[in-house]
Amino acid sequence: MGTHAEAHSHHGIGLYVKIYVALLVLLLLTVLAAKLHLPGYGPILLAMAIATVKATLIVMYFMHMKGAGRLVALMFLMSVYVLGVGAVLLFGDYFYR
Amino acid sequence: MSHSSNPALAHQFDSIEQQRESSVLGMWVFLVTEVMFFGGLFAAYMVYRYLYPDAYHAGAALMDVPLGTLNTCVLLTSSFTMVLGVHYAKLGDVKKVQQMLWITFLAGIGFLIIKSFEYHHKYEAGLMLGKLFDPSKWAHHGINVPANVAPENLHLFMCLYFFMTGLHAIHVIIGMGLMVWLVWLTRRNRATGEFYMPVEVVGLYWHFVDLVWVFLFPLFYLVGTI
Chain A
57 MGTHAEAHSH
67 HGIGLYVKIY
77 VALLVLLLLT
87 VLAAKLHLPG
97 YGPILLAMAI
107 ATVKATLIVM
117 YFMHMKGAGR
127 LVALMFLMSV
137 YVLGVGAVLL
147 FGDYFYR
Chain B
2 MSHSSNPALA
12 HQFDSIEQQR
22 ESSVLGMWVF
32 LVTEVMFFGG
42 LFAAYMVYRY
52 LYPDAYHAGA
62 ALMDVPLGTL
72 NTCVLLTSSF
82 TMVLGVHYAK
92 LGDVKKVQQM
102 LWITFLAGIG
112 FLIIKSFEYH
122 HKYEAGLMLG
132 KLFDPSKWAH
142 HGINVPANVA
152 PENLHLFMCL
162 YFFMTGLHAI
172 HVIIGMGLMV
182 WLVWLTRRNR
192 ATGEFYMPVE
202 VVGLYWHFVD
212 LVWVFLFPLF
222 YLVGTI
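If you're matching them up, the sequences are chains A and B in order. Using my numbering, the letters of the first sequence map in sequence onto residues 57 to 153. Using my numbering, the letters of the second sequence map in sequence onto residues 2 to 227.
Honestly, the hints are just simulated from the structure, not real lab data. Hints are not guaranteed to be accurate.
Heads up, simulated DSSO-like pairs for lysine-lysine below, C-alpha to C-alpha not over 30 Å straight-line [what the hints assert, rightly or not]: (1) Lys122/A <-> Lys91/A; (2) Lys74/A <-> Lys96/B; (3) Lys122/A <-> Lys96/B; (4) Lys96/B <-> Lys132/B; (5) Lys122/A <-> Lys138/B; (6) Lys116/B <-> Lys97/B; (7) Lys74/A <-> Lys91/B; (8) Lys116/B <-> Lys132/B; (9) Lys97/B <-> Lys74/A; (10) Lys116/B <-> Lys91/A; (11) Lys138/B <-> Lys91/A; (12) Lys116/B <-> Lys74/A; (13) Lys74/A <-> Lys91/A; (14) Lys91/B <-> Lys122/A.
Please model the complete structure; the sequences and the hints are all you need to start from.
What follows is the structure, given as structure tokens:
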């Protein structure tokens with residue numbers, strides 16, 4: 057039983073190391089991407105895309121959303137959804153006044 | 002009931018598993034309120050950026066990218082040590098949990114020290130808020146603000162910067178307090194094995210603080226153009 061638990065834990069740590077390295081690589085990417093000086097909305101769209109990937113990795117693996125059950129996932133997505141609705145209403149107001 | 006003999010199980014729950022799910026769900030409810038809390042500030046940031054792109058550009062140019070990058074590294078590392086702490090707490094390895102919690106705590110201190118260097122520089126350069134916002138000091142510190150940028154609009158940028166990073170820093174400080182509390186719990190054997198839930202829940206909080214920084218960092222330090 058001890059060996060089984062150890063093998064299992066080892067696998068877990070390996071996954072965390074991979075996620076950690078991926079996060080550092082994405083950090084490097086986002087810093088380098090800022091130096092590209094893309095035109096128009098390019099920089100912010102690219103930076104937000106990378107930040108969203110980082111956030112997804114953190115939520116899924118560090119915060120154990122994967123395997124936390126549907127209720128937790130639904131609630132978290134609801135907050136993102138409400139935030140999105142708020143943003144759309146807010147910018148609908150500012151863009152078209 | 003038979004399960005009442007288990008000291009790790011509060012009497013209102015049927016099983017450890019149900020208790021665990023309730024704790025995690027409860028923490029996520031709190032984190033949802035935090036998403037809305039920071040969401041309001043991010044909305045203010047977006048509106049500001051839309052209204053004053055030139056002032057935003059001038060403000061973003063004043064950020065210290067190397068220190069910001071270093072701080073992101075520190076926070077990501079602390080998230081990694083935190084998740085290891087949760088992992089060892091589940092396995093019941095008290096010593097390793099304590100090590101991971103202390104490393105996470107130290108990373109929090111490191112983050113705040115680096116942040117204070119940045120804040121101090123802004124203070125010296127006359128970029129703090131209110132009366133400490135002093136355009137006459139700028140030239141002396143090599144700060145060039147384009148003539149078409151109204152100082153009050155740049156002041157607004159610094160308001161957003163200090164408010165959002167400051168609120169984030171307060172969250173880091175609270176998180177560090179929680180680390181100390183967890184270490185105290187582990188010494189009483191109340192945060193490992195079947196009792197590991199406090200570590201898991203504080204872990205969720207710490208990762209959320211990291212999550213906020215993942216968005217703050219590019220928005221303030223990296224994305225300079227419109």
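Tested hints:
Annotation: proposed proximity of Lys122/A to Lys91/A is violated, straight-line Cα distance about 34 Å (limit 30 Å). Using a Cα cut-off of 30 Å, the hinted pair Lys74/A and Lys96/B holds, with the two alpha carbons roughly 24 Å apart. As the CA atoms of Lys122/A and Lys96/B are separated by approximately 27 Å, the hinted pair is consistent with the 30 Å bound. With a C-alpha separation of about 49 Å, the suggested pairing of Lys96/B with Lys132/B is violated against the 30 Å cut-off.
Only pairs whose Cα atoms come within 30 Å are accepted, and Lys122/A paired with Lys138/B is rejected, the gap being roughly 51 Å. Pair hint Lys116/B plus Lys97/B holds up; C-alpha atoms about 28 Å apart against a cutoff of 30 Å. Between the alpha carbons of Lys74/A and Lys91/B the distance comes to roughly 20 Å, so the proposed pair stays at or under 30 Å and holds. Pair hint Lys116/B plus Lys132/B holds up; C-alpha atoms about 21 Å apart against a cutoff of 30 Å.
Proximity of Lys97/B to Lys74/A is assessed by CA-CA distance (about 20 Å); at most 30 Å being required, the pair is judged to hold. Between Lys116/B and Lys91/A the alpha-carbon distance is near 23 Å, which keeps this suggested pair within the 30 Å criterion. At most 30 Å may separate the alpha-carbon atoms for a hinted pair to count; Lys138/B and Lys91/A meet this at roughly 29 Å. Restraint check for Lys116/B and Lys74/A: satisfied, since their Cα atoms lie roughly 28 Å apart, inside the 30 Å limit.
A threshold of 30 Å between alpha carbons decides the hint, and for Lys74/A with Lys91/A the separation of about 26 Å falls inside it, so the pair holds. For the hint linking Lys91/B to Lys122/A, the alpha-carbon distance of about 17 Å falls within 30 Å, and the restraint holds.
Hint check: violations occur at hints 1, 4 and 5; the rest are consistent with the structure.
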